[in-house]
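Asks: Taking the numbering used here, the leading residue of the sequence shown gets 1, the next gets one more, and so forth.
Some hints here could point you the wrong way.
Cβ pair distances, simulated, as ranges [claimed, not checked]:
no.	residue 1	residue 2	range
1	E40	G72	24 to 34 Å
2	Q68	R19	40 to 50 Å
3	V33	M58	18 to 28 Å
4	E40	V14	36 to 46 Å
5	E64	R19	34 to 44 Å
6	R53	C27	28 to 38 Å
7	H54	C27	21 to 31 Å
8	V14	G72	52 to 62 Å
Honestly, the hints are just simulated from the structure, not real lab data.
Virtual Cβ for every residue (Gly too), placed ideally from N, Cα, C.
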Amino acid sequence: MIGGGAAVGVSAYVRAPWRAFLCSVLCAVIASVAALLPQESEHRRDMVRDCLRHRERMYRLRRELPRQQARGRIE
């Protein structure tokens with residue numbers, strides 16, 4: 001991430017427009033995500049599946065907690 005940090009620092013130093021700053025940050029994020037994803041299709045599938053399961057579990061917890069609080073089960 002030194003490259004992304006350097007681009008942000010140089011952009012701020014030369015007073016570049018916000019679009020240049022945003023573009024450099026987005027490019028750094030996209031490069032990081034591509035580097036962190038597994039290359040094997042089975043591993044990538046497992047990672048996506050686990051992420052979706054986590055999102056579903058968090059959605060259920062956020063939905064059920066107010067209902068339980070309304071019923072007086074949780075103080």
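Asks: If a hint holds in the structure, say so; if it does not, say that too.
Replies: We went through each hint and held it up to the structure:
1. Checking the proposed 24 to 34 Å range against E40 and G72 shows it is violated: the Cβ atoms sit about 49 Å from each other.
2. With their beta carbons about 46 Å apart, Q68 and R19 fall inside the hinted range of 40 to 50 Å.
3. With their beta carbons about 21 Å apart, V33 and M58 fall inside the hinted range of 18 to 28 Å.
4. Separation of E40 from V14 is about 42 Å and conforms to the stated range, judged on CB atoms against 36 to 46 Å.
5. Taken as a hint, the range 34 to 44 Å holds for the pair E64 and R19, whose Cβ atoms sit roughly 43 Å apart.
6. Checked against the hint of 28 to 38 Å, the C-beta distance between R53 and C27 comes to roughly 30 Å, which is consistent with it.
7. Hint check: H54 to C27, Cβ distance near 27 Å, so the stated range 21 to 31 Å holds.
8. Between V14 and G72 the beta carbon distance is about 60 Å. The supplied range of 52 to 62 Å therefore holds.
Checked against the numbered hints above, the structure violates only hint 1.
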